[in-house]
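Protein chains in written order, with full-length UniProt numbering: chain H, 1 to 246; chain S, 1 to 409.
Since the hints were derived computationally from the structure, they do not count as laboratory data. Misleading hints may appear alongside valid ones.
To be verified - Subject to a maximum C-alpha distance of 30 Å in a straight line, what follows is the list of computed BS3-like cross-link-like pairs (lysine-lysine):
(1) H/K55 - H/K215
(2) H/K195 - H/K107
(3) S/K351 - H/K107
(4) H/K77 - H/K89
(5) H/K127 - S/K8
(6) S/K8 - H/K121
(7) H/K121 - H/K108
(8) S/K373 - H/K133
(9) S/K8 - H/K108
(10) H/K127 - H/K107
(11) H/K215 - H/K121
(12) H/K215 - H/K195
(13) H/K89 - S/K373
For clarity, every value in this text was computed on a predicted model and none was experimentally measured.
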Amino acid sequence: MSTLLEVSGVSVTFDGFRAINNLSFQIGEAELRAVIGPNGAGKTTFMDIVTGKTKPDEGRVIWGEKSVSLLKMSEAKIAQAGIGRKFQKPTVFEDQTVQENLLMALKKPRGWLSVLSYRAKPEDLDKVAELAKEIGLIDELTRKSGELSHGQKQWLEIGMLLAQEPRLLLVDEPAAGMTPQEREHTTDLLLEAAKTRAVVVVEHDMEFVRRLNCKVTVLHEGSVLAEGSLDHVTSNQEVIDVYLGR
Amino acid sequence: MQRSFIAKNPSVLIFLACLALFTLIVTVLSEGLGLGMISTSFIKTLGKTLCLCLIAVAMDLIWGFTGILSLGHFAFFGLGGYMIGMWLMYERTRLIVVESLSQAEIPPTSSEVVDAIGNQIFGVVGASEFPLIWAFADSLFLQLLLVVLVPGLLALVFGWLAFRSRVTGVYLSILTQAMTLALALYLFQNDSGLRGNNGLSGLQNLPGVEASQDVVSLWFLWASALALGLGYLLAAWVVSGKFGSVIRGIRDNEARVRFLGYSVETYKLMIFTLTACIAAIAGALYYPQAGIINPAEIAPIASIYLAVWVAIGGRGRLYGAVIGAAFVSLLSTWFTGGQAPDIPLGFYTIKWVDWWLVLLGLSFVAVTLFAPKGMGGLVDLWTQARAPNRHGADLGPDDSALREQEASK
Ligand SMILES: Nc1ncnc2c1ncn2[C@@H]1O[C@H](COP(=O)(O)OP(=O)(O)OP(=O)(O)O)[C@@H](O)[C@H]1O
Ligand SMILES: [Mg+2]
Chain H
1 MSTLLEVSGV SVTFDGFRAI NNLSFQIGEA ELRAVIGPNG AGKTTFMDIV
51 TGKTKPDEGR VIWGEKSVSL LKMSEAKIAQ AGIGRKFQKP TVFEDQTVQE
101 NLLMALKKPR GWLSVLSYRA KPEDLDKVAE LAKEIGLIDE LTRKSGELSH
151 GQKQWLEIGM LLAQEPRLLL VDEPAAGMTP QEREHTTDLL LEAAKTRAVV
201 VVEHDMEFVR RLNCKVTVLH EGSVLAEGSL DHVTSNQEVI DVYLGR
Chain S
1 MQRSFIAKNP SVLIFLACLA LFTLIVTVLS EGLGLGMIST SFIKTLGKTL
51 CLCLIAVAMD LIWGFTGILS LGHFAFFGLG GYMIGMWLMY ERTRLIVVES
101 LSQAEIPPTS SEVVDAIGNQ IFGVVGASEF PLIWAFADSL FLQLLLVVLV
151 PGLLALVFGW LAFRSRVTGV YLSILTQAMT LALALYLFQN DSGLRGNNGL
201 SGLQNLPGVE ASQDVVSLWF LWASALALGL GYLLAAWVVS GKFGSVIRGI
251 RDNEARVRFL GYSVETYKLM IFTLTACIAA IAGALYYPQA GIINPAEIAP
301 IASIYLAVWV AIGGRGRLYG AVIGAAFVSL LSTWFTGGQA PDIPLGFYTI
351 KWVDWWLVLL GLSFVAVTLF APKGMGGLVD LWTQARAPNR HGADLGPDDS
401 ALREQEASK
């Protein structure tokens, strides 16, 4: 399996506080990975670095088979290169319909001129409807997304990610605030997505992580504490001390 | 294609119909061509109001839809006015000069004519040479181009610098105010080449046109109505499709749009420049009706009024901006023109000329606090009375993670 994203030796300091400390991380194509760790471990900051929101003080972030560095690219360019991101708190465009949200995310030219002259073609609308069915929002297409429930918003955001057709999906706490049934649906969505692309899921809920049934990376104080199967890392004494034991 | 756009946006058709009807009625009642029930000076007021409505549409695009509170769009409006004013003043002075020199025995050389025009125009600031910026003032075509090019270029450069450094929110508003102030102060100087605080005057006289002001005022009313109609159509088209989705997304959550792969800075720059050009065209139609333009017109406060109009009319819906601009600016003319009756309270007499601004300020605060949808919200009351409440309140960017019920707590 070839490497899709390689993060090596990355450090970030916020006002003297080392949020990320010599972090290294790799993920291959079509791989599902869970990232766990206590609050403040640097999980969100890690995603900020990969997506270009935060520039690290040192280290390298290498992307794709051409091995381009992401550090010099803008957020928009990184997204266009194929990295999609779901935020910790669900952020959809509340004032717009589910359909408009999905259309905006659909993989199409992003330049202002082509967007200005863009009018949705039937096949685009079909694609949107297909996605909406997958995330269980097919009946809500014309509703404003602000009207959706918390869980539905989370799915819409996942749907928007899928619409982007990224090669790497970064998903920050997708199951937070969901009911058990909603969680199950979310797991299915992520497992399905991971068949064709790389998916990194940050999650606190151990049950959820267990159901993902994938390799787990434990972050602590900005670096990797342990990596391996869930059983492997949960039996690690250090992991129990800093995370599970509390 | 075009039909479906109108079909999807019925408000556009309603607006255009109202505008056409308004223009027709005013023409029929006008002094120049109709029954004489509306004075020429009031025709000019109405024509100017249409121009203000046009710049309000631009303001709504940039603020209501994109979420950039620009407090500098009157700078572009004024620049548009200056650009057309230069030609009007040059050409009219030239005709007068040629006329008076034709009495002389030896026909004047062209450089004598130009010198005489320069003397006439710049005498008030103690100069007679044409500054470089008047290089194209003899060509109507070129000056018309400059109406769009100069403000457009200024907006492009300013916007590029500001957006590239990710200046947003209040800081951007302050920056646009600073730009406006700097431009006004520059124009106030006598050696700015635009006659300092005298500004350009006599703009109501179209060179070479024999028709009386009664008729000319109607021409400008029609032109202003046409410009407003086209500007409205353009704005409605821009916000109707995916571009509209993207800019509203930028308004509500800029970072999210960025992570979808859209270059937020480019979109902001484009909409900023486009609205600057619309503002400039509105200005170029406004000042020939006002007759005079001077740097005071560009004062920072003018752009703040613009924001007030749009807020009172209702942001994020184009007709709201038009209603707000028309209503508030006409009301303001009425109050400050001394037509509103004073209110004697016995111990104190409320003179509206002094108190109008206070009233306007209070209404602005009241609208912001109690009716954020502005006057356009009244339309919702009417449509909602017929459609069931579907929720979907407009949650601001900070509340976007909340559900409607949570947000209203
Ligand atoms: N922009 C910032 N400025 C200053 N400190 C920051 C910034 N972003 C993150 N931090 C700090 O860096 C640390 C790591 O934060 P991060 O959000 O990455 O943690 P996390 O692992 O996502 O935690 P959680 O599980 O609570 O989401 C925290 O201590 C946080 O306070
Ligand atoms: Mg986090």
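**Message:** Let me make sure I understand: some of the numbered hints might not hold for this structure. Which ones are they, in numerical order?
**Reply:** 3, 8, 11
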